[in-house]
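Those sequence lines, one after another, are chains A and B.
All the letters of the first sequence, read from the start, carry residue numbers 1 to 371 under our numbering.
All the letters of the second sequence, read from the start, carry residue numbers 1 to 371 under our numbering.
If you are wondering where the hints come from, they were derived from the structure by calculation, not from laboratory data.
Possibly wrong hints are sitting among the right ones.
Stretch-level coverage of chain B by chain A, calculated; a stretch enters the list once three of its residues show a Cβ under 8 angstroms from a Cβ in chain A [to be verified]:
no.	stretch
1	117–124
2	136–150
List of simulated lysine to aspartate or glutamate pairs, DMTMM-like, C-alpha gap at most 25 angstroms [to be verified]:
no.	chain 1	residue 1	chain 2	residue 2
3	A	Lys51	B	Asp52
4	A	Lys51	B	Glu199
5	A	Lys51	B	Glu133
We put the beta carbon where it would ideally sit given N, CA and C, even for glycine.
2 protein chains.
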Amino acid sequence: MNANDAQTGSTAMKGGGYYSLSTVGAKDVIDGAGDLVIRALEAHLQSGNGKDAFTIADMGCADGGTSLDMIHRVVGQVRKHDPQRPIRLIYEDQPTNDYNALFQNVRATQPDGNSLATMPDVYWYAAPVSFYEQVLPAGTLNLGFSATAMHWLSAKPCEISNHVQAVGAQGRELEAFAEQGRKDWERILSCRASELAPEGRMIIVNFCRDESGQYLGNTGGINMFDIFRNLWENFVREDVITADEFERMTLPQYYNCVEEFKAPFEAPDGVAHLAGLRLEHIETRVVPCPYAARFHSGEWDAPTFAHFYIPTLRSWTESTFFSGLSESRPAEDRHAIIERYYNAYEALVAHEPEQHSMDYVHAYMVIRKVG
Amino acid sequence: MNANDAQTGSTAMKGGGYYSLSTVGAKDVIDGAGDLVIRALEAHLQSGNGKDAFTIADMGCADGGTSLDMIHRVVGQVRKHDPQRPIRLIYEDQPTNDYNALFQNVRATQPDGNSLATMPDVYWYAAPVSFYEQVLPAGTLNLGFSATAMHWLSAKPCEISNHVQAVGAQGRELEAFAEQGRKDWERILSCRASELAPEGRMIIVNFCRDESGQYLGNTGGINMFDIFRNLWENFVREDVITADEFERMTLPQYYNCVEEFKAPFEAPDGVAHLAGLRLEHIETRVVPCPYAARFHSGEWDAPTFAHFYIPTLRSWTESTFFSGLSESRPAEDRHAIIERYYNAYEALVAHEPEQHSMDYVHAYMVIRKVG
Chain A
1 MNANDAQTGS TAMKGGGYYS LSTVGAKDVI DGAGDLVIRA LEAHLQSGNG
51 KDAFTIADMG CADGGTSLDM IHRVVGQVRK HDPQRPIRLI YEDQPTNDYN
101 ALFQNVRATQ PDGNSLATMP DVYWYAAPVS FYEQVLPAGT LNLGFSATAM
151 HWLSAKPCEI SNHVQAVGAQ GRELEAFAEQ GRKDWERILS CRASELAPEG
201 RMIIVNFCRD ESGQYLGNTG GINMFDIFRN LWENFVREDV ITADEFERMT
251 LPQYYNCVEE FKAPFEAPDG VAHLAGLRLE HIETRVVPCP YAARFHSGEW
301 DAPTFAHFYI PTLRSWTEST FFSGLSESRP AEDRHAIIER YYNAYEALVA
351 HEPEQHSMDY VHAYMVIRKV G
Chain B
1 MNANDAQTGS TAMKGGGYYS LSTVGAKDVI DGAGDLVIRA LEAHLQSGNG
51 KDAFTIADMG CADGGTSLDM IHRVVGQVRK HDPQRPIRLI YEDQPTNDYN
101 ALFQNVRATQ PDGNSLATMP DVYWYAAPVS FYEQVLPAGT LNLGFSATAM
151 HWLSAKPCEI SNHVQAVGAQ GRELEAFAEQ GRKDWERILS CRASELAPEG
201 RMIIVNFCRD ESGQYLGNTG GINMFDIFRN LWENFVREDV ITADEFERMT
251 LPQYYNCVEE FKAPFEAPDG VAHLAGLRLE HIETRVVPCP YAARFHSGEW
301 DAPTFAHFYI PTLRSWTEST FFSGLSESRP AEDRHAIIER YYNAYEALVA
351 HEPEQHSMDY VHAYMVIRKV G
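Chain A with its partners taken away, still in its complex shape (with noise of 0.2 angstroms):
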């Protein structure tokens, strides 16, 4: 069984490209990668492993609208490199993506005349299977890529009582999370170790809590997911949604902090160490939300920065709020109540603009795979 399973319908992102044209956000983290993503290539490249065919993943790539110039970069360099290579590209995500929408944007030509579909001599491939999965044969892995999904646990551990995010749990309920985010990284790690080709390389942006205890949408102002929970209370009191309701409003995921990143790195008996890998590189970087940007800057007034911002959230949270609504009522009410939430959030941007904003902290890793 695959292990997203579990969680199906409930961390579905909303299909139809709305994932890419409300992320734009999520695709200044991709670029912001590029460096990193070039060098790890170069010394992959340098290391002069194999003839095969060149293979690289986009693992959790949603509607590929993202990583598209990215993906176009490294196919590019690798064919500088080597112009007679075959190159195979895998794009990965749970069976329920959108693979229409990923289909349409990895056959879009670019500005430069190019589309993947097109190039010759590289073969593109999607495969519906998680990353809590081997997706490749052992040893066929030359780059390896994901960004902003590894934090979507393979399940989740309990019900936050008080919050929707594991950020505002505490006691036990932070313990078991916890521990769902140890298991879970190590399995995505010997996963990935398997794959890897020798001195293969992964670049993996993760969603992460920095240094300074920030994470996403918690850099100063409000805290995105104390609004988030809050104005779920708001509705438990309004009596809009039972008690229950609210606390299955649980988000499946966990953000490691640096610390946890490397734990399997680190002892000798590390799982990924173990397994051969290396944790070459590993920073945390904020990158600053674009609809704030641009109501701070003017461009914007309140109610249109509110009116772009809403769907951003909206579009990673919907599907498990919906679902943690009772299925005793009515389909038309669950989406009447999940109307009326962002609309409330939608009335709280406009109404104290300046107070938020859904700035993205990232750990930036990269990873070896030893020769």
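Assemble the complex: chain A is given as a structure, and chain B must be docked to it using the hints.
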């Protein structure tokens, strides 16, 4: 550009599992190829070629339902021969294919408890690329399979003025279709020749015109393609459609005869021969229409036969016929004409059921790449 883009929309199979449900016969055709497939596989395995992942391709897979048993059989046989060897399974079809249905079918658990998605060391991918392109890196395909797919041409060379399919074409129109069929068959073989590993095998099961002039739906009784044609002609007479629309209802298909299939292999300067392909086996077979069989056995009465028979015809003709209708008609009207058309066909079958059957007429080919 993908060569099939020109006809995208006009040849897309109707999605949502509709294809497999209405193509019991297509599965019979594939199951009948099983022993040929296994013998070719054994011959390849005995050649001892390669220790890389064993790569299987299902070319023109549609929703994968009809070939699933056969693919399981192949996977089992490879595993039996070499329990340690990873298996790579590539499902290939046009970008407009219903990939959601494909993913569901592949992931489904079989009666024996197995699923391709959970078998250890089986890696499966979708390639949304037509068989008129090279889909795999050179020399990496161990076993290719295709059934009832390669009669779809890469482009329609012209309209057929007085019929809907090349079997009813004459003169220069027939010549144009034959020439397109020749070029397309050569192009398919050239792409596969690049992909195949040394001593790799392909089993291709294509619609054909057999040695006695039979072809799909023309094995005695009424000629199915003539009915398609005549019902549209009735609609012209009744002013339901125009003469222009009748002419545009041309299926972009061509059925090779055995000599046409053989041609690229036989001359020393034949495209396939020069590329290292050898036609090891070709035979034609008629697989009886499973719908007509149920009528003749008394299991179904005439209306039931007609009710279940029409969807199998509709699954592969509707999009072409629909796109033949003028876009100046509202979409609603076009759908109504299509409904009326298949209703007329159904009424005809219910009225004279013993005249109707869509027997399959295929050429079964085994092709080897020299080592």
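Structure-based check of each hint:
Interface restraint, the stretch 117–124 of chain B with chain A: holds (5 residues with C-beta to C-beta distance below 8 angstroms; minimum three). Coverage of the stretch 136–150 of chain B by chain A holds. Counting CB-CB distances below 8 angstroms, 4 residues qualify, and the rule asks for three or more. Straight-line distance between C-alpha atoms of lysine 51 (chain A) and aspartate 52 (chain B) comes to about 13 angstroms, which keeps the hinted pair within the 25 angstroms bound. Using a Cα cut-off of 25 angstroms, the hinted pair lysine 51 (chain A) and glutamate 199 (chain B) holds, with the two alpha carbons roughly 21 angstroms apart.
Restraint check: the Cα-Cα separation between lysine 51 (chain A) and glutamate 133 (chain B) comes to about 23 angstroms, which is no more than 25 angstroms; the hinted pair holds.
Violated hints: none; the structure is consistent with every hint.
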